[in-house]
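S.K.: Chains A and B supply the protein sequences, listed in that same order. Residue numbers for the first sequence follow the numbering used here, so the first one is 161 and each next one is one higher. Residue numbers for the second sequence follow the numbering used here, so the first one is 56 and each next one is one higher.
The hints are simulated quantities; they were obtained by calculation from the structure and are not laboratory data. Be careful, since some hints might not be right.
Stated by the list, open to error - Covered by chain B, according to a simulated footprint, are these stretches of chain A (three or more residues, beta-carbon under 8 Å):
| # | region |
| --- | --- |
| 1 | 240-251 |
| 2 | 274-282 |
| 3 | 443-449 |
What the hints assert, rightly or not - Think about it this way: if two alpha-carbon atoms lie no more than 20 Å apart in a straight line, the pair counts; the simulated EDC-like pairs of lysine to aspartate or glutamate are:
| # | chain 1 | residue 1 | chain 2 | residue 2 |
| --- | --- | --- | --- | --- |
| 4 | A | 425 | A | 451 |
| 5 | B | 292 | A | 451 |
| 6 | B | 201 | B | 131 |
| 7 | A | 370 | B | 295 |
| 8 | B | 64 | B | 131 |
| 9 | A | 231 | B | 393 |
| 10 | A | 368 | B | 377 |
| 11 | A | 399 | A | 214 |
| 12 | A | 203 | A | 426 |
| 13 | A | 368 | B | 366 |
| 14 | B | 317 | B | 377 |
| 15 | A | 231 | A | 428 |
| 16 | B | 324 | B | 377 |
| 17 | A | 231 | B | 295 |
| 18 | A | 231 | A | 440 |
| 19 | A | 370 | B | 377 |
| 20 | A | 231 | B | 401 |
| 21 | A | 425 | A | 277 |
| 22 | A | 215 | A | 463 |
| 23 | B | 292 | A | 428 |
| 24 | B | 379 | A | 277 |
Unchecked claim - Far from chain B, by Cβ distances over 12 Å, these chain A residues were calculated:
| # | residue |
| --- | --- |
| 25 | 214 |
| 26 | 371 |
| 27 | 384 |
The beta-carbon is built from N, C-alpha and C at its ideal position, and this holds for glycine as well.
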Amino acid sequence: MNQAYLGIDVGSISTKGVILDDGNRLLASAYIWTEGDPIGAVKKLVSLLEKQFDKENYRIVATGTTGSARKLVGTIVGATIVKNEITAHAVGTITFYPGVRTILEIGGQDSKIILVENGVAVDYAMNTLCAAGTGAFLSSQAKRLGIEVEEIGGYALRSKHPTQIAARCTVFAESDLVHKIQMGHPREDIIAGVCNAVVANYLNNVGKGKNILSPVVFQGGVSKNAGVVAAFEKALGCKVTVDPNGHLMGAMGAAILARRSAGRKEFDFAIEEMTFYTREVSCGRCPNQCEIICVYCENKLIDAWGNRCERGAITA
Amino acid sequence: MQAMQPKKKVAFPRYAEYNCAVRYLVEQGLEATCVLQPALTRHTEEIGAKYSPDFVCTPFKTVLGSLIEALEAGADTLVMTHGLCRLGYYGELLEQILRDLGYSFEMVNLSQYSTGRKKDWLKAAQRINPKIKLPRAAAALLETFKMVDYLDEITARYYQNCGFDATGGEYARAYRQFLTALYRVRSRAEIENAYHEARQAFQRIPLDKPAHPLRVGIVGEFYTAMDAFSNLGTEQKLADMGVEVHRWMNVSHRFLHYSGEKNLNVRIKDLCTYEMGPTSTANIWCARDYAARGFDGLIHIKSANCTPEIDIMPVLQRIGSEYKVPTLCLTFDSQTSDVGLMTRLEAFYDMISQRRRKTF
Numbered sequence: 161m162n163q164a165y166l167g168i169d170v171g172s173i174s175t176k177g178v179i180l181d182d183g184n185r186l187l188a189s190a191y192i193w194t195e196g197d198p199i200g201a202v203k204k205l206v207s208l209l210e211k212q213f214d215k216e217n218y219r220i221v222a223t224g225t226t227g228s229a230r231k232l233v234g235t236i237v238g239a240t241i242v243k244n245e246i247t248a249h250a251v252g253t254i255t256f257y258p259g260v261r262t263i264l265e266i267g268g269q270d271s272k273i274i275l276v277e278n279g280v281a282v283d284y285a286m287n288t289l290c291a292a293g294t295g296a297f298l299s300s301q302a303k304r305l306g307i308e309v310e311e312i313g314g315y316a317l318r319s320k321h322p323t324q325i326a327a328r329c330t331v332f333a334e335s336d337l338v339h340k341i342q343m344g345h346p347r348e349d350i351i352a353g354v355c356n357a358v359v360a361n362y363l364n365n366v367g368k369g370k371n372i373l374s375p376v377v378f379q380g381g382v383s384k385n386a387g388v389v390a391a392f393e394k395a396l397g398c399k400v401t402v403d404p405n406g407h408l409m410g411a412m413g414a415a416i417l418a419r420r421s422a423g424r425k426e427f428d429f430a431i432e433e434m435t436f437y438t439r440e441v442s443c444g445r446c447p448n449q450c451e452i453i454c455v456y457c458e459n460k461l462i463d464a465w466g467n468r469c470e471r472g473a474i475t476a
Numbered sequence: 056m057q058a059m060q061p062k063k064k065v066a067f068p069r070y071a072e073y074n075c076a077v078r079y080l081v082e083q084g085l086e087a088t089c090v091l092q093p094a095l096t097r098h099t100e101e102i103g104a105k106y107s108p109d110f111v112c113t114p115f116k117t118v119l120g121s122l123i124e125a126l127e128a129g130a131d132t133l134v135m136t137h138g139l140c141r142l143g144y145y146g147e148l149l150e151q152i153l154r155d156l157g158y159s160f161e162m163v164n165l166s167q168y169s170t171g172r173k174k175d176w177l178k179a180a181q182r183i184n185p186k187i188k189l190p191r192a193a194a195a196l197l198e199t200f201k202m203v204d205y206l207d208e209i210t211a212r213y214y215q216n217c218g219f220d221a222t223g224g225e226y227a228r229a230y231r232q233f234l235t236a237l238y239r240v241r242s243r244a245e246i247e248n249a250y251h252e253a254r255q256a257f258q259r260i261p262l263d264k265p266a267h268p269l270r271v272g273i274v275g276e277f278y279t280a281m282d283a284f285s286n287l288g289t290e291q292k293l294a295d296m297g298v299e300v301h302r303w304m305n306v307s308h309r310f311l312h313y314s315g316e317k318n319l320n321v322r323i324k325d326l327c328t329y330e331m332g333p334t335s336t337a338n339i340w341c342a343r344d345y346a347a348r349g350f351d352g353l354i355h356i357k358s359a360n361c362t363p364e365i366d367i368m369p370v371l372q373r374i375g376s377e378y379k380v381p382t383l384c385l386t387f388d389s390q391t392s393d394v395g396l397m398t399r400l401e402a403f404y405d406m407i408s409q410r411r412r413k414t415f
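With the hints as extra help, turn the sequences into a complete structure.
M.R.: As structure tokens, this is what we get:
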């Protein structure tokens, strides 16, 4: 029986899962939409992974979760390690690209940059307060233009004269975009302009003041968009590598971290069948009114968090 | 017989733990009553944000909320600080908003008295108590300064060591007891007593601290960097990960023992030509000092829309890359979530601890 490691990355827009073996080979992987329901998405993810997984020869001995729902999902799947997505992405990428110097990452709601030196992350930045220039912006503009978000790349690459679009702020970019559409700019040029705007916004916000050195690896859902990749290569003047599994890098990082950490607990695919639900309670013990999230499995409280002090502590 | 003037009920916005010193000065020095409104909570922030202009910096919202809570608690005289950035105009704006809301109170806006002449400070004090006894007030003022000194010293020691408490809570308890004592003191002797008790407790409590712990230096905006509620307890969160947290910026360093804007400015002449704002010079100097002393990381804390602190970010980036110190900039707004902060702090911790392992 060989050992395998499960990594799950639950983001705002998509949920990713991988199973790796001891040599970091991909045994199973899945990528689905979160659709505002992280618990449902994880159950679906686990069933998709189960279908690809060779239970005869492998067993999952450790599980890592990451992404914005890492804590909730970590509780549900019984994770042995719960890690923030910045570290997970850095670990995943450095494992597969040991020479990498800059990691660009654009996801559904967030974007980050990680600078690497000698295989160690030395600086990072992550967008704050504003989700301009992330995947959510791209998909809403695709909808406006009546195309699928997956088609953006093809359109952008066909453009000869990308339209200039104000990139400072999503709200302004959108009104500028509507204006340019009504002026009669061709669709290809508008879409290429949107891709340039995403890159300009990224480099002006999270990339500001950071020394971007080659080799550059670009990942996150938006890295699947060839138009944005081309815009990055043009803006940075160097090759930008996109791993075929770049959208799974956070989940792979989580699986690798699970392998490296000491915790061991066999993963049980039975969670697909269990009912989980959460309830929010407002702690009334002081005017902070902390929102405490209680997680239940089969009507039994398994964990709770969200309190700022002991007064709001609820234990399973 | 002379009619007794009722004592004024004075309140100052909640600000980190400095309200204990305000209370001491008002009650022991000015012989008025100090109304201590509740500590800052989300409720404070909500009522403050409700009546504030949306794009004003977050401390304005918190301060407005805190003054409303003070008025609700029975204060009849509000004191607002002067300031060297937009803060200097806040007193007037706060007063106008509160009057529009229908509150009646007396406003002592220190901006009107910060002329540089000592005589004018006396006028402000006389607004609170017209029969102020000068020798008593002067003595209390010096004692208040001492108190702020002690508070800052103990607080700095607390955040440098609490992450290594071997007893699982004694250190935090000693610090809380010290704060509680400071809110109750009524004399110089009691101040000294509280301070010595805290020092002894800190010396007594066993620490489990490595010879070279991870050290992170915090710089930033005067309100948000110091006020644990406003920065969602960034210092405590970092310390709990096992980090020695340093913050030079506090009231005693910036006001009581400040070497002066010009004297500090010459030390960073190579980085910036002009003075840039109330705390910018000190922050730049301090960040470079931390970097030169081999700190593992720098964290810059500011509220959204704080112009002077936005201005220093490029300089901090430069210091970070010249000294190869990871630098994290955090912006706090009234909606900033705890989860987002934890993500960034955990990643920062992972990064600096990994770097340490590779370099040593």
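S.K.: All hints are to be evaluated individually against the structure, with a verdict given for each.
M.R.: Hint check:
1. Under the rule that three or more residues need a Cβ within less than 8 Å of chain B, the assignment of the region 240-251 of chain A holds, with 6 such residues.
2. With 5 residues having a beta carbon nearer than 8 Å to a beta carbon of chain B, the region 274-282 of chain A meets the requirement of three or more and the stated coverage holds.
3. As drawn, the region 443-449 of chain A meets chain B at 4 residues by the rule of a beta-carbon pair under 8 Å; at three or more, the given contact holds.
4. Of the supplied pair hints, the one linking residue 425(A) and residue 451(A) is violated, its CA atoms being roughly 30 Å apart against a limit of 20 Å.
5. For the hint pairing residue 292(B) with residue 451(A), the CA-to-CA distance comes to about 19 Å; that is within 20 Å, so the pair holds.
6. Taken as a hint, the residue 201(B) and residue 131(B) pair is broken in the structure, with Cα atoms around 28 Å apart against an allowance of 20 Å.
7. A hinted pair counts as satisfied when its Cα atoms are at most 20 Å apart, and residue 370(A) with residue 295(B) does not qualify at roughly 29 Å.
8. Restraint check for residue 64(B) and residue 131(B): satisfied, since their Cα atoms lie roughly 5 Å apart, inside the 20 Å limit.
9. For a cut-off of 20 Å, the pair hint linking residue 231(A) to residue 393(B) stands: about 13 Å separates their Cα positions.
10. Distance hint between residue 368(A) and residue 377(B) is fulfilled; the C-alpha atoms sit about 16 Å from each other, no more than 20 Å.
11. The suggested pairing of residue 399(A) with residue 214(A) is violated, with an alpha-carbon distance near 37 Å, which exceeds 20 Å.
12. Between residue 203(A) and residue 426(A) the CA atoms are separated by roughly 17 Å; this keeps the pair inside 20 Å, and the hint holds.
13. The straight-line distance between the Cα atoms of residue 368(A) and residue 366(B) is roughly 13 Å, inside the 20 Å bound, and the hint therefore holds.
14. Restraint check: the Cα-Cα separation between residue 317(B) and residue 377(B) comes to about 24 Å, which exceeds 20 Å; the hinted pair is violated.
15. For the suggested pair residue 231(A) and residue 428(A), the alpha carbons sit about 18 Å apart, so the restraint of at most 20 Å is met.
16. Proximity of residue 324(B) to residue 377(B) is assessed by CA-CA distance (about 16 Å); at most 20 Å being required, the pair is judged to hold.
17. Taken as a hint, the residue 231(A) and residue 295(B) pair is honoured in the structure, with Cα atoms around 18 Å apart against an allowance of 20 Å.
18. Note on residue 231(A) and residue 440(A): the hinted pairing holds, with a Cα-Cα distance of about 15 Å set against a maximum of 20 Å.
19. Proposed proximity of residue 370(A) and residue 377(B) is supported: the alpha carbons are some 12 Å apart, at most 20 Å.
20. In summary, the hint linking residue 231(A) to residue 401(B) is supported, as the alpha carbons are separated by about 13 Å, within the 20 Å threshold.
21. With a CA separation close to 33 Å, the supplied pair residue 425(A) and residue 277(A) exceeds the 20 Å bound.
22. Straight-line distance between C-alpha atoms of residue 215(A) and residue 463(A) comes to about 29 Å, which puts the hinted pair past the 20 Å bound.
23. Taking the CA atoms of residue 292(B) and residue 428(A), the gap is about 33 Å. The hint is violated against a cut of 20 Å.
24. Distance hint between residue 379(B) and residue 277(A) is fulfilled; the C-alpha atoms sit about 11 Å from each other, no more than 20 Å.
25. At the 12 Å boundary, the C-beta of residue 214(A) stays outside the reach of chain B, the nearest C-beta of that chain being 32 Å off.
26. Listed as a non-interface residue, residue 371(A) fails to keep its Cβ farther than 12 Å from every Cβ of chain B; the least gap is roughly 6 Å.
27. Distance to chain B confirms residue 384(A) as a non-interface residue, since its nearest Cβ pair spans about 23 Å, more than 12 Å.
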